[in-house]
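Take a look at the letters that make up each chain.
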Amino acid sequence: MQIEIRGNHFRLLSQKAVFWEETQTLLIGDLHLGKIMHFRKEGIAVPGIAAENNFLRLNQLVQHTGAVRIIFLGDLFHSKYNSEWETFREWRAGHHYIEMIIVIGNHDILPVSLFLESDMQVYLEDFEEDGFIFTHHPKTELRSDRFVFAGHVHPVFTSYGKGRQSVRLPCFVIDKNQAILPSFGVFTGGYPVNIINGRKIYITTETTIFPVC
Amino acid sequence: MAKSRGHIIVEQWFKSKNWKWAAFQKEASAAYLNGKSGLINAPTGSGKTYSLWIPILIRHINALPEKPLKTRKGLQVLWITPLRALSKDLLRNMETACLEMNLSWEVGIRTGDTATKERTRQKKQMPDALIITPESLHLLFSQKNSSEVFKNLHTVVVDEWHELMGSKRGVQTELALARLRNINPELQTWGISATIGNLNEAMQVLLGMKFKEENAVIIKADTNKKILVESILPEKVETLPWSGYMGIRLADKVVQIVNQSNTTLIFTNTRAQSEIWYRTIIEKYPEFAGIMALHHASLDREIRDWVEEALHNEKLKVVICTSSLDLGVDFRPVDTVIQVGSPKSIARFVQRAGRSGHRPGVTSKIYFCPANALELIEAVSLREGVVNNVLEDRPPVVHAFDVLAQWMITLAVGEGFDEQQLFEEVSDAYGYQYINRQEWEWLLGYITTGSPSLTVYDEYKKVERIDGRYVVKSRRIALRHVLSMGTIVSDTTLRVKFQHGKYLGAVEESFVTKLKPGDVFFFAGMSVEFVRIHEMTVTVKKAEGKKGFLVSWAGSRMALSSQLSSFIRERLASSIENPTHEKELAKLKPLLELQQERSIIPQTSELLIEQCETREGYHIFIFPFEGRLVHEGMSILLAYRLSRLKPITFSLAMNDYGFELLSDQYVDMKEIMKETALFSTEHLVDDIYHSVNATEMAKRKFREIASIAGLMFQGYPGQHIKTKQIQASSSLLFTVMSKYEDSNLLVNQAYQEVLTYQLEEIRMRKALDRIATQKIIIRKTIKPTPFSFPIMVDRLREQLTSEKLEDRIQKMLKQYSNAD
Chain A
1 MQIEIRGNHF RLLSQKAVFW EETQTLLIGD LHLGKIMHFR KEGIAVPGIA AENNFLRLNQ
61 LVQHTGAVRI IFLGDLFHSK YNSEWETFRE WRAGHHYIEM IIVIGNHDIL PVSLFLESDM
121 QVYLEDFEED GFIFTHHPKT ELRSDRFVFA GHVHPVFTSY GKGRQSVRLP CFVIDKNQAI
181 LPSFGVFTGG YPVNIINGRK IYITTETTIF PVC
Chain B
1 MAKSRGHIIV EQWFKSKNWK WAAFQKEASA AYLNGKSGLI NAPTGSGKTY SLWIPILIRH
61 INALPEKPLK TRKGLQVLWI TPLRALSKDL LRNMETACLE MNLSWEVGIR TGDTATKERT
121 RQKKQMPDAL IITPESLHLL FSQKNSSEVF KNLHTVVVDE WHELMGSKRG VQTELALARL
181 RNINPELQTW GISATIGNLN EAMQVLLGMK FKEENAVIIK ADTNKKILVE SILPEKVETL
241 PWSGYMGIRL ADKVVQIVNQ SNTTLIFTNT RAQSEIWYRT IIEKYPEFAG IMALHHASLD
301 REIRDWVEEA LHNEKLKVVI CTSSLDLGVD FRPVDTVIQV GSPKSIARFV QRAGRSGHRP
361 GVTSKIYFCP ANALELIEAV SLREGVVNNV LEDRPPVVHA FDVLAQWMIT LAVGEGFDEQ
421 QLFEEVSDAY GYQYINRQEW EWLLGYITTG SPSLTVYDEY KKVERIDGRY VVKSRRIALR
481 HVLSMGTIVS DTTLRVKFQH GKYLGAVEES FVTKLKPGDV FFFAGMSVEF VRIHEMTVTV
541 KKAEGKKGFL VSWAGSRMAL SSQLSSFIRE RLASSIENPT HEKELAKLKP LLELQQERSI
601 IPQTSELLIE QCETREGYHI FIFPFEGRLV HEGMSILLAY RLSRLKPITF SLAMNDYGFE
661 LLSDQYVDMK EIMKETALFS TEHLVDDIYH SVNATEMAKR KFREIASIAG LMFQGYPGQH
721 IKTKQIQASS SLLFTVMSKY EDSNLLVNQA YQEVLTYQLE EIRMRKALDR IATQKIIIRK
781 TIKPTPFSFP IMVDRLREQL TSEKLEDRIQ KMLKQYSNAD
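Protein sequence lines, in the order shown, are assigned to chains A and B.
Just so you know, full-length UniProt numbering puts 213 at position 213 of the first sequence, and the rest follows in order with no gaps.
Just so you know, full-length UniProt numbering puts 433 at position 433 of the second sequence, and the rest follows in order with no gaps.
Simulated from the structure, these hints should not be mistaken for laboratory data.
Hints should not be assumed to be uniformly reliable.
Said to hold, decoys possible - Computed footprint of chain A on chain B; a stretch qualifies when at least three of its residues, placed anywhere within it, have a C-beta under 8 Å from a C-beta of chain A:
hint, segment
1, 459-472
2, 611-619
3, 639-651
4, 728-740
5, 803-811
This one's a predicted model, so the numbers in the text were calculated from it and none came from an experiment.
Yeah, the Cβ is synthetic: ideal placement off N, Cα and C, and Gly gets one too.
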């Protein structure tokens, strides 16, 4: 599903990411790596194998889009250092030809040096380029001359149908001056969003994207 | 036989109190002193405590040496009670006997309320007898010296065993008992139980699998208590709503009865309902201020204690309560009991009736106040059940791997365990008699490595195996385990207090998040205004006379017992031929006539199916009258079987009388029934399993399991230490676990629990067999009927679909754009 924003073309991917055609950049929100291992370290038996799934999906996305750059919109790593960071480092090293940028999110409490060591560009607040702002927290005060891409809220949308049916799925929220990405991570929850005036919502079933309105 | 020293002292004591040693008490005493174990079947107020406490004292007196010992023997008797609230009363009774017989025996209490100082004292020197809850007993096993503590224990008494047995707390008790029997093979175990249908099974569960039958005995108190049941009837049936559970329309009649009585208990089924009743009565009858009180589990302990004390001292005219007053202490002033809304089981009704007229020989009287029109049928059925002395079973919980996992970690936090020995011990417990090595190995894996598949960099840490013993080394993990032990899983609650500091009780987090400062809500029988929320405490101030929200609590709905269901089927069928036979049914006549006009009233040999179309879609209503649990199972089973015929999505709802399949497509039941055996028991287990899989039921069940098994941590009590980092919703855990791990025992348990306890597979099979003999009558109705309406308006729904997700979304979104 391709949409146009300020003359640029963005592909909303059913794998819960966005591809910016003009710059061949992949936008990924709220990966929350390390969460599963953090749980396990605390004696909570979440299957460790679930963590591998995040990397599998990342690989598929990179291959499928041929991205030359990835911008992580914060909450890349969920907790303090644990061994899952090593898996990420290996993954990063395996994709050394891709430029990677991270905008720090509230969960990213790792020392910035670790990101730098992994050859990532780090932005503490916003990363700005061609009138687009990439950030973690959605902005409440928006300027019409800038368009914001954010994460943080893990938006989900519930559709209702006849016969009292309902389905709740992750979604992209596109407002006039801001877009919010769904959470990419396997082990993350969701926050319900509603339709409001001037807002477009796209839900994803992991295989298909549907525009709601 | 010459009387023992103990007998002489006890008989003198009875004489001095002017009491008679009741026959069952004598019998129990003889059996106990003969070294036997067993079950005492006696109601509250019959002297059941003394039936065992007296022989325990006799044994103690007879064993006293000539010269007093210098060192104390430590703990000898455990008295397990399901309710903390009962412990004080027990202590009083037990201590009184000791004091009056001049015995220097110390009785102590150990519950969640026990102060740290007392705990420390107990750690140094245990009292001779200890009153304890199952949770606190487990906590004792998490200490490093537990086998030392229990080494001289010779008797365990489990009070209100019928209440514990049907829950996971019963399983906790079984595990602790198996361990105690292992420490002392001579241990005598006794249970005290109210009358239930499966007393023999109850004894087996209590005593474990290896117990020798000839050493066990059931002793029944001869109590033929008379119970009178009276329905509170409206002038006209139109007064009562067709659906709903609150029942306040008959408040005036209830107040009349209260006025004619000395002291009344009004039992409601939920906490919210009790709050509504309190508010309704106080608004209409302000003269009740000061002599009416509210009692439910979310009120602060201090308030509840005050209410109980005031009840004792005849300061209250009426108390509106929930199951919080089902058990325990008898309130002598109470002479009237009113049950609002269907109690759903005859046993519960009888238990509540027993809260009045406690004195032996006095008739208990209970009024039934229906909450909706159809409950008038239940009124008749309840009376019939009471008259015929119908008993329901309390099935014990089996295969609760979550409780076992918790127990294993508890022992590892304490002295640690040898796995072979513990396996033997655990298979002695009734609930784990069939556990096999494979399951056991999985559990050992779960607590040590966290999963069967290890990833490269694994840092999982919980229980470690050191020199063949399983132990917990990490203090942090030990502390967190101890804090989250127990089997009662509830929402995170926040305490509610006034600005000046008085605590009112607790509300759930999900309710508080909806409030804004200035919002008024009704709680603990008064209007309060929300001021702020800070560190797990909600501060409020008094709000005069304003209308406000009602506090809601999450809770499951109770289901009609099978015995009561069958009474209802018969009553309903006979109501056509003989409508004025009972006065409740006579009242109901206009409604029954309307049902007959729009559809039919089924005979016991018939199964009624109604179909109708409304704005919402196409409804199919089916009325087996089997109780909501069986209906839940049948509804998903039928929805599943129908959904295999063509891609379709159903939304399901049910009550105790029937269930509904709602869809956006029309289903021609007449045609389908010709070709498809929808109600067949063939492939039943497979079909149920698939249908459970297609719904969210197992996922919801998993919440409790995950919490008990230690996958969810609610945080440190009273402290607001950040634990968000390790909190995940149970549905997320369930999704991840079932997706990435085959044969996870805890996930399997969720399915099994749905099948056994939620859907009552066995009962469902019986119901389907019955339906196979029935004539199926399909009626198309223009409007919903008195039978179908209450189901139709129910909002609690389950979904089952065989359509592709993408197709469903497409359909739904099309409706959105049509609406624009």
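Which of the numbered hints above does this structure break? Hints that this structure does not satisfy do not exist here, as all of them hold.
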